[in-house]
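Sequence lines, in order, name chains A and B.
Those letters in the first sequence? Residues -10 to 306, by my numbering.
Those letters in the second sequence? Residues -10 to 306, by my numbering.
Hint data in this document are derived by calculation from the structure and do not stem from the laboratory.
Please note: incorrect hints may appear among the correct ones.
Note: identical chains are not told apart, hence a pair may lie in one copy or across any two.
Unchecked claim - 27 Å max Cα-Cα, derived DSS-like pairs, lysine-lysine:
no.: 1; residue 1: K68; residue 2: K6
no.: 2; residue 1: K29; residue 2: K71
no.: 3; residue 1: K258; residue 2: K128
no.: 4; residue 1: K276; residue 2: K169
Just so we're clear, the structure is a prediction, and the values are computed from it rather than from any experiment.
Number of protein chains: 2
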Amino acid sequence: MLPDFNRLKVFYYIFLKKSVVNAAGKLNITASAVSQTLNKLESELNVLLFTRLHKKLVPTWAGHQLFEILNPFINDLEKGIKHIRQAKQIPSGMLRIGSPIEFGKSYLPGLFSSFRKKYPEVVFDMKLGDPTEVFPLIKSGDLDFGLVDIFLTRDQVFEDFGIYSIDPLIDEEVIMACSKEYYVREINGDHSFKNLAIKEFLSYQKSSLTLMNWFKHHFKKAPVNLNRVMTVDNHQAVINGIKNQLGMGVIASHIVRKDIKQGRIIPIKTPSKDVINTISLVQLQDKEPSLTEKTFINFLTKDILSSGTLKTFINIS
Amino acid sequence: MLPDFNRLKVFYYIFLKKSVVNAAGKLNITASAVSQTLNKLESELNVLLFTRLHKKLVPTWAGHQLFEILNPFINDLEKGIKHIRQAKQIPSGMLRIGSPIEFGKSYLPGLFSSFRKKYPEVVFDMKLGDPTEVFPLIKSGDLDFGLVDIFLTRDQVFEDFGIYSIDPLIDEEVIMACSKEYYVREINGDHSFKNLAIKEFLSYQKSSLTLMNWFKHHFKKAPVNLNRVMTVDNHQAVINGIKNQLGMGVIASHIVRKDIKQGRIIPIKTPSKDVINTISLVQLQDKEPSLTEKTFINFLTKDILSSGTLKTFINIS
DNA sequence: ATCTTAGGCTAACTATTACTAATGCTACCG
DNA sequence: CGGTAGCATTAGTAATAGTTAGCCTAAGAT
Chain A
-10 MLPDFNRLKV FYYIFLKKSV VNAAGKLNIT ASAVSQTLNK LESELNVLLF TRLHKKLVPT
50 WAGHQLFEIL NPFINDLEKG IKHIRQAKQI PSGMLRIGSP IEFGKSYLPG LFSSFRKKYP
110 EVVFDMKLGD PTEVFPLIKS GDLDFGLVDI FLTRDQVFED FGIYSIDPLI DEEVIMACSK
170 EYYVREINGD HSFKNLAIKE FLSYQKSSLT LMNWFKHHFK KAPVNLNRVM TVDNHQAVIN
230 GIKNQLGMGV IASHIVRKDI KQGRIIPIKT PSKDVINTIS LVQLQDKEPS LTEKTFINFL
290 TKDILSSGTL KTFINIS
Chain B
-10 MLPDFNRLKV FYYIFLKKSV VNAAGKLNIT ASAVSQTLNK LESELNVLLF TRLHKKLVPT
50 WAGHQLFEIL NPFINDLEKG IKHIRQAKQI PSGMLRIGSP IEFGKSYLPG LFSSFRKKYP
110 EVVFDMKLGD PTEVFPLIKS GDLDFGLVDI FLTRDQVFED FGIYSIDPLI DEEVIMACSK
170 EYYVREINGD HSFKNLAIKE FLSYQKSSLT LMNWFKHHFK KAPVNLNRVM TVDNHQAVIN
230 GIKNQLGMGV IASHIVRKDI KQGRIIPIKT PSKDVINTIS LVQLQDKEPS LTEKTFINFL
290 TKDILSSGTL KTFINIS
């Protein structure tokens, strides 16, 4: 059905130059080869592309038609190839990144913005979600790399963990907290599993993974069912829920440091140390990262280090 | 600079199927060949097009980019090829036709219209002008064929007359004429060269070729200079000029038959017979006409024959 | 007129390379 | 835990793209 594509390329140059000899020069082959190629193409398509007028080639209608198809393609291709090639020199193209919801919403857009100031050729495609969503997408190649809350996955099983490389980026203390009023009314010093498990909870994900994990970490067991009174994919909403005595929620401590200091929010302490939630960079072990990826990851880690444990993240949140 | 085009075609199918094996099936070659082709293309472009994930190929950004360029092209190409191929079955495409101004203006549009009713795929590009303009364009291949007033070229020299095939289509009597009043006032029976050459003339072309040829035909010589009082590329305007006693003009007799009969317009007779202006079909001798051309020329001659010596042409004029 | 140049076509030979067949590797599936 | 599916690799062969040489014709040049 489709003709030999290289013959189309030759035709393109013949048409451009209206000459076999000139096309041959352009293509760095002999005129004979060009002539033969043209004949083959014509018999392949079973149509005359040029009327031969001694020393002149005049395109037929079919020739014109074919050129009209080829011309934009070859222009696009030249530009495209140049573009693709330059991506080896300077970062460009699309980065597809998986991220925890809150981190992706609050911190990354600002980072993207400053990255793009330096590398305007780069665009981003961000997938917000649980590690349970992000890991498979990395594996399937639909994400270039991911940022995941390792805390959430500590107890989850990934059979093929070996295929990933996981580098910790950020540590954040994760606490269970409620408002002062709620604490006085509902907890009042009783930090036992039995007491805590029956309270109202705020969750910022569809699943109550975060909450469950908090219990597992502190009591080595998880409650069967939690009374979730509000679910919302927004950290700030959870904090506001806490402040308004809606219930208890798991949050990063630094976000509410001021509130804790001033006694408006009370963290629930237990004998075990606070959970450390590690946001880690997850990549495919055996996939060589592109220049763009390497540059961005470098940029990301630098930014995190320089801003002293998530200053930027905190401020924006 | 540009990669091997056939490799692009292979890439296209790999991308479509996201599989070397399936692409191989589509292309009727072995998977090995496809794999090798892909590797060659990648090293040619110096870029990874797919990340290999064991049994899965996931396009990189570069792969996506390349596909975005190829996809529309291949779609267009498939449609285009189909179109070009069908032009062998039914007339389609563009016919570039040269024609005398008046004939092309008055007669051809109507003919095009009825032709297109039968063959709607055909479009026309008409070049109106002298044989001196039309012949070179046929020779250079910029016109598929031409219609020319042979009368005008009788005495003109074309060195390479042999390269054309010339078939008479229509004969028309050409006369020099003026209004009754102008005749009485200026001519009054004196049809001598000396008397006629000094009158006012109307010409419907930039050059006064037509007028000159009339003199050459009737007196075997042409006046050095003619007093052209109006030049306009419209036959009807010339006739109106004649009727309004602006001067004398050369016109086809059938157009003004009624006026002559009723004595409003007087033809200038001389001992020699009236000029016969033959409109002929001119084609390049050694150029095989396409189906579209043959069909149209057939249609044209049939129409002329059936309408009895230019009935249509006359009516419209 | 005759020669020269330019552009294109063809035929036969040569060199490249596209393709195959055979084999190996590894994740996934029952 | 074999069996299968899918891709990669290698070496050898078949196909074809390209070269060289020679011919033809129209236009310019001498």
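A quick look at each hint next to the structure:
1. Taking the closest pair of Cα atoms, K68 and K6 come within 27 Å of each other both inside a single copy (21 Å) and across two copies (25 Å).
2. In the homo-oligomer, the alpha carbons of K29 and K71 lie at most 27 Å apart only across protomers (18 Å), although the nearest pairing inside one protomer, at 30 Å, exceeds that limit.
3. In the homo-oligomer, the alpha carbons of K258 and K128 never lie at most 27 Å apart, since the shortest distance is 38 Å inside one protomer and 97 Å across protomers.
4. In this homomeric assembly, K276 and K169 never come within 27 Å of each other (Cα to Cα): the closest approach is 50 Å inside a single copy and 97 Å across copies.
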